[in-house]
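Please take these sequences and the hints and turn them into a complete structure.
For the record, the sequence lines run as chains A, B and C.
Last residue of the first sequence: number 362 in the working numbering, and the count goes up by one each step with no gaps.
Last residue of the second sequence: number 311 in the working numbering, and the count goes up by one each step with no gaps.
Last residue of the third sequence: number 285 in the working numbering, and the count goes up by one each step with no gaps.
It should be emphasised that the hints constitute simulated quantities derived from the structure, not laboratory data.
Possibly wrong hints are sitting among the right ones.
Some chain C residues near chain B, calculated using beta-carbon distances under 8 Å [said to hold, decoys possible]:
1. Pro46
2. Ile61
3. Gly63
4. Phe123
5. Phe125
6. Pro127
7. Leu129
8. Tyr145
9. Thr147
10. Phe149
11. Leu157
12. Pro176
13. Asp177
14. Val275
15. Gly281
All C-beta atoms, glycine included, are put in the ideal place defined by N, C-alpha and C.
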Amino acid sequence: MSFLILDRLTKSFGALKIFDGLSLSVNRGETVAICSPSGSGKTLLLRLIAGIYEPDAGEIVIDGRPVTGLAPDARGIGMAFQNFALYPHLSAFENIASPLRARSVAAPEIERRVRRVAEILKIGHVLQHLPRELSNGQKQRTALARAIVADARLLLLDDPLRNVDAKLRYEMRQELPRVLREFEATVLYVTQDFREAMALGQRIGVLCDGGFVQVDRPQRIYSDPSTIEVARLFGDPTINLYDSQLADGVVSLLGLGLALPGCAGAARRPCRVAVRPEHVQIAVNGEAGERAGLPVTIEAVTPLNQNAVLLLHTAAGDELLATTTLQRAEALACGPREAVALVRPEHLLLFDRATGARIRTD
Amino acid sequence: MTTQDMTQAAALPARRRSGRMRALLPYLLSLPALVVTIGILIPFGTAVYYSLQRYNLAFPFTRGFIGLDNYAQFVTDPAFWNTVQISLLYTVVTVGVELALGLSMALLLQHRTPVNNLLSVLLILPLMTAPAIAALMWKLMTNPNFGVFSYLVGLAGFTEFRWASSPSTALFTVVLVDVWVYTPFMMILLLAGLRSLPRQPFEAAELDGVPASFVFFRITLPMLTPYIITASLFRMLDAIQQFDIIYAMTQGGPGDRLMVFQVQAYLEAFTFTNIGRSAAFLMVLWAITFILSNLFIKQWLKLRERTHRAA
Amino acid sequence: MQHTSWHWRLFKGICLALISLFFLFPILWVLLMSFQTNEDILRVPPSPFFTPTLDNYRALIAGELTGAGSTLKIAYMKNIWNSFVLSACSVLLSLLLGVPAAYAFARYRFRLGENIAFTLLSFRFAPPLLVLLPLLLYFQDLGLYDTYFGLIWVYQLITLPLILWIVRGYFEDVSPDIEHAYRIDGHSWLRSFLKIAVPLARPGIAAAALLAFIFAWNNFVFALILGSSDVQPVTVGALAFITASGIQYGQIAAGLVLSVIPTFVLALVMQRYLVEGLSLGAVKG
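Listed below in structure tokens is the structure:
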């Protein structure tokens, strides 16, 4: 049975409707990363679950108990805020001990549990400091420790790595899954960073236009996005996207006709076609052979991590991004600028031009 | 019933209570303040009602509703116009002098040297003195028999300087006491204002060798204006209704020389027992303070927003 | 500054000296008078050199003042005690009423709250006699005339708006998320108010309480109208005994000195809170 159920939540502020029938269910012990463009209400969603705000309609069920209308202190939740929200007048120790004090845990037990969490999060040496004496990374770990110390059944983490530097963020991204597993918590993890979502979430929920447009395993979100927004949100560099037509099972990609056997009988319709940069192959000096490709010129080569990004222009002036290995990119950079871009039909993603919804091609 | 249904049923009353509590909380918290507010508004309403009555405690049987007659009589009443004139004069002169003096003091004490810090603390002391007590202190010192100030002006040749007891110098004397008490208020607000100004414009002006007078009139004064307006309005609100100093010093005399609004109203009510007329005087004063306080509150909110945003 | 030439500095120094003289001389002189006998005071020319005596203070504390040939029983110490009771109780009551209300006004946007807050503030600046005149008649009917309770209630007019508006600004500066976090930890609303909101607004509460106490102590007109000798504070009491005939001037001076000691001490000790209080939190100290 699902541990957390959000059932058709609706929330407006004045005329502004933020959620409209939002639903989600999360299994016990599962980590679901919530990822979306900024301004789509991720933080508000956590606040509804925590009881800081109440939904206008709908029900929130935690571990079989409906909690809508319950005050935050009655919901048994742990939460880490994006801005840390540490108590500035209390030491790190007292900050972390706060949930235990609320539960009237005995003093030696508080001592033991705070120390344990602090060791796991490597802040044991700064427990006597006030928040203003802590570095950003230590603040963030203190906030995290406070959220998990009382073995809360449900952890809400609101972009906890947002306000820490890149190195720390990378470290925590490696470390966090281990910590969360250790505490066997059910976790909702909000982030704007798709890589963080992919690294931390067993499933990812993409929040858009008042509800979840897709909730799925990270790999599926990437390879099988259900809308244009999902496709665009995940992937770096971003996906190539063009207006196109689907007619008689053939879709045109910048003028290159590609046959989609699955859509043979379908009626003619306008659509948008997308292809990920890593699925665009570059052929030079006749490497393409017999295969039909898109004549392009290589405009720029930019290294990105272990790969390189190629900026390609078609004769009509359209832009196309492709990724390739660094060695290949070096070779290409020295060679002729004229090339052919090859795309396999099964790598194409088609979307409805009006709604942005995916058009299934298989 | 399944287990889940039972937990749900058990949770329901608590949930409803918590929701209602949450909606009620702000009202519960502000209830005492509300009671006090009502406690002010009821007598205020009564005062408005009095001002529309012929109501003299000495002639209880003639009491009755007379509409705006109390106000209508003011038009041709020299005592009323005397009060208006004295009150306005008092307000303009005190606030004017306090602003000029307070601003000079703030500028003199602007830099945080040990001497300046000590002085800025000591100079607050007159403000900590109750205005009524301050009036009594000055009364002691301007006593014609032994007052040190009477002696000093005598040395300077003004042997007939009678301070508050002479119609020609009474206003000067109470203004002096008001200035003594309230100039420190102007000083500390303007000092805080000066010290909170951004430094860059001044540093830039210094580098460019701009003359000091230009810096003062084109940089300091414009940036300080919100503080000057707030402090001045605050002081005007107090000065137009000054009572303590004048009452403790001369009770409005000599003659009607210092009959400001509240002193006049006090005497109307407690000496002449004319409640209706006294209330009408106070309503006129209230109308003036209402306008001033609205201006002040607007200014103050603006300034406060800026201060708290900067914090 | 370019004007650091010696004559500019000298000019500034002279100005400061004259200003300090004007503002501090009266306090100093009255202090000196309070240690003088009547003969010293009446001597012409006035002189700062004399043999100090504590007789004036002794007489005040004993409540037996020397009149013209007779002894007057004047309970001036009782006036000072009254000032303490009235000011301290008024501030305590205002804190009790005002801090929760200030919190409500800061945290919840509700129409009624805004109206209360503004009404209280605008009446803080309205002529006090306007409300006192009808209140006098009500108080006589209700038996509140000349009682501590009645005066403390009316003193809320001065102290409550101050506390409400200054403390409100401080609550607004506390991030609501800090309180939310505490609630989520499992603490009740009351605990989060007492353990988080109030401690974090403490500087503002101190500033407001300090200023409210000083304003209450220095108030004159409320007790002049709504109290007789039994509950009258020192401001009204001082005026009463200065007008009683034949009292020795040294005793008056001693009385004035005693009446300003509490506010002076508070101002010197808590000086850093004064600026914020005086500007209702509009200017940081």
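Evaluation of the provided hints:
no., hint, verdict
1, Pro46, "holds, 5 Å"
2, Ile61, "violated, 18 Å"
3, Gly63, "violated, 19 Å"
4, Phe123, "holds, 5 Å"
5, Phe125, "holds, 4 Å"
6, Pro127, "holds, 5 Å"
7, Leu129, "holds, 5 Å"
8, Tyr145, "violated, 14 Å"
9, Thr147, "violated, 15 Å"
10, Phe149, "violated, 13 Å"
11, Leu157, "holds, 6 Å"
12, Pro176, "violated, 14 Å"
13, Asp177, "violated, 17 Å"
14, Val275, "holds, 5 Å"
15, Gly281, "holds, 6 Å"
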